[in-house]
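Q: Read off the chains here:
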Amino acid sequence: MEKVLTFELGDELYGLPLSSIQEVVEPAGLYPIPSAPAWYLGAINCHGTILPILDLPGILGFVSGPRDGKMIVIDGGAARLGFCVTRLGEIVEPDDDNSPANGRQLPECCVERVLDHCGRMIHLLDLTALLDRLDRD
Amino acid sequence: MERPMDMAKYRELFLSETREHLDSMSRLLVELEKQPDDADVLAALFRQAHSVKGMAASMGYGEMAEQAHALEDLLDDCRRAGRISPEAIDRLLRGCDRLEEQLEALAAEGKPAPDPADSAVDVGIEELPANALIVEDVDEDGPKSSPAETILLIDIAEHAVAPAARALLALRELERVGEVLQVRPDRETLLQGAPVRTLRVVLRSSAAAERIDAALLAMADIAGVRREDETEQEGTELPRRRREDSERSVRVRTELLDQLINLTGELLTTRTRLQTAHRERAVADLEAGLDQLSLLVDDLHYRVLQVRMMPLASITGRLPRMVRDLARKTGKRVELRIAGEEVELDRSILEELADPLIHMLRNAVDHGIEEEGVVAVRAWREKDLVLIEVSDNGRGIDPEVVRARAVQLGLVDAERLRAMGERDLFALLCRPGFSTAAQVTETSGRGVGMDVVKAAVEHLGGDMEILSAPGEGTRILLRLPLSVAIIKILLVAVGDCQVAIPITRVHRTLEVARDELQSSGRQLVLRLDEEVLPLLSLRKMLRMPGRPVAGNVPLVVVEMRGQRVGLVVDQLIGQHEVFVKSLEFPLDRLPGLTGASVLGDGRVVFIIDPQGLLEAGRPAAEHAA
Chain A
1 MEKVLTFELG DELYGLPLSS IQEVVEPAGL YPIPSAPAWY LGAINCHGTI LPILDLPGIL
61 GFVSGPRDGK MIVIDGGAAR LGFCVTRLGE IVEPDDDNSP ANGRQLPECC VERVLDHCGR
121 MIHLLDLTAL LDRLDRD
Chain B
1 MERPMDMAKY RELFLSETRE HLDSMSRLLV ELEKQPDDAD VLAALFRQAH SVKGMAASMG
61 YGEMAEQAHA LEDLLDDCRR AGRISPEAID RLLRGCDRLE EQLEALAAEG KPAPDPADSA
121 VDVGIEELPA NALIVEDVDE DGPKSSPAET ILLIDIAEHA VAPAARALLA LRELERVGEV
181 LQVRPDRETL LQGAPVRTLR VVLRSSAAAE RIDAALLAMA DIAGVRREDE TEQEGTELPR
241 RRREDSERSV RVRTELLDQL INLTGELLTT RTRLQTAHRE RAVADLEAGL DQLSLLVDDL
301 HYRVLQVRMM PLASITGRLP RMVRDLARKT GKRVELRIAG EEVELDRSIL EELADPLIHM
361 LRNAVDHGIE EEGVVAVRAW REKDLVLIEV SDNGRGIDPE VVRARAVQLG LVDAERLRAM
421 GERDLFALLC RPGFSTAAQV TETSGRGVGM DVVKAAVEHL GGDMEILSAP GEGTRILLRL
481 PLSVAIIKIL LVAVGDCQVA IPITRVHRTL EVARDELQSS GRQLVLRLDE EVLPLLSLRK
541 MLRMPGRPVA GNVPLVVVEM RGQRVGLVVD QLIGQHEVFV KSLEFPLDRL PGLTGASVLG
601 DGRVVFIIDP QGLLEAGRPA AEHAA
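Just so you know, the protein sequences line up as chains A and B, in that order. Just so we're aligned, residue 1 is where the first sequence starts under our numbering, counting upward by one. Just so we're aligned, residue 1 is where the second sequence starts under our numbering, counting upward by one.
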């Protein structure tokens, strides 16, 4: 199984395959984006590229609360952007990608698959679905 | 598996080169029309057709190769006869059109030439008489499906500068493939420049659905096409198209590449020199090395910008043909003169300029020229600006007619109108819905489009001016930056947010005392040089909480929709020269943002287009009310 970086959104555990992650940053400055919807937390200067930082828990409808200071920068092919999460987890290698919880999620949750790891469910984030959602909103 | 990869690599090149060949072919044909026995031009035409054939054949686009071959044959006959007949010119022009359609279909589909089976329902064929087709068998192949009615929902991209104009263009495209039975919003509304997001069209057409979609999606600013009975699939078209813009390629002259390589060499030498100076703590050498480095970096910057530059000729190529067709349609004798095609501009500016240029020429032929006249396009450099002038020696614009129309539309009060100079007066022509043309014409509606032209020019950080007098023709002057990469901005602060406004959009800045402001119809206004400026809060436009206006109020005077307004900001910070970064998805989806920049101290600021911001904010504001 491919290694996955885990993170918490609210009290659920989510994950992204390492191949879709460019880096994890602790940005020096987060600059406001004029006229952007609330889930755009701001923009960072990431090695000269201007990247938007999105409030992932906010987009997916988790209650607002504290956010981890570190942000995940993804390179989803179609877009480069950063996410804030509730709390950053660790890199794990899931046991099984055939959790019985699969297929029970609503499409608006942007969950691609559910993985099992040491008895915990890791919800693999569906980046394409998420980007499509940003495209439409 | 290597072959498809190779093909994909060359496809872009094929598309751009063939486009250039077709442009110059139609230009040569229009030239030949004036002098049908010019052997040099005939020979040049033959070579172009031959190149298109060769390239299409080697790419495996059989249908296009065949079509080009037919043109080549016809040209060969003409060459031997030593002259070309008017009928042959018409046939050749239609042949070029057909090739262009095939090319655009190719570009839209992203796959090799269409199956011969569905070429019978190809876009545009219906409108040609059968004997006009150069490859005749194409029309006989395969049965035509009978016309069917479909309801199309066409989504206009959110960032579109002039959505109504895009919608009208889409309609025109649809009219080429079938009969438009019903449109919502209706044409009248679209002609007024209404902010349309989705166009609903009832279309009767025998063309295949994929083909209609491909033709629409190939147009700029069309975000998606849906059918009313399949709305649940909404959005399926979007992800695939999202990134297409970024796949554009640029061809670079080898000379320029050599210069870049030389520069890199010099930079490497300078690095070594600096390293040595640093190791030896030789301050004088360090300083000399840094001076050298700064010169080289400036030079590098200049050359890299050159890579993006293209001559104006790349968008004027199709103008002679267009003016010729327009002149025929209107029965006027129009001569087109183009000068300064070698002037270079940034590629992205040229792309945005192509449509406005066509708009202006159409207006000139339709409304300027009466029976016979000259339309001229002239371009030249002035310092770091490029000036483009479109002029005609036609009837000109009567200021009295403009005044009367302005009063009728209630744009300006009569007193102010009397005091208005002609420069400001003609600027009124760029207000949406304004027109002085007495009747509607088929080609350019009723002078619609000057607002579109103005918006496009301003979006690029330029401005435009209309000069005219009755009986003395009309001149439209566009002032454009050479390159969009570096611009001057005014930095302002609202709350904890700093935003940049392109200096070309700023008329002036000033600070006024609170008690100089007056309220008029619940709108704060300021009397300034005989003019009453409405004031808008930038805070509100950026959807930030308002704050009471007190003390000195900093204002930025900008023009929006042809009218000066004062933007109320919290603080004027100052002018900067910045390198503009274009925005990528998802930032490019946000309304009113035209770019971003990293300031010298590493801070990120966004560059706003006040008009775009206001238009984006309007529906939300109405919603709240």
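By construction, these hints were calculated from the structure, which means they are not laboratory data. Ideal Cβ placement from N, Cα and C applies to all residues, glycine included. Mixed in with the good hints there might be a few duds.
Taking beta-carbon pairs under 7 Å as the criterion, some of the chain B residues facing chain A (in silico) [stated by the list, open to error]:
1) 497
2) 499
3) 503
4) 506
5) 580
6) 581
7) 586
8) 596
9) 598
10) 599
11) 602
12) 606
Q: Decide, hint by hint, whether the structure agrees.
A: Verification of the hints:
| no. | hint | verdict |
| --- | --- | --- |
| 1 | 497 | 4 Å, holds |
| 2 | 499 | 5 Å, holds |
| 3 | 503 | 18 Å, violated |
| 4 | 506 | 17 Å, violated |
| 5 | 580 | 11 Å, violated |
| 6 | 581 | 6 Å, holds |
| 7 | 586 | 4 Å, holds |
| 8 | 596 | 5 Å, holds |
| 9 | 598 | 5 Å, holds |
| 10 | 599 | 10 Å, violated |
| 11 | 602 | 6 Å, holds |
| 12 | 606 | 5 Å, holds |
When the structure is compared with the earlier hints, violations turn up for hints 3, 4, 5, 10 and for no others.
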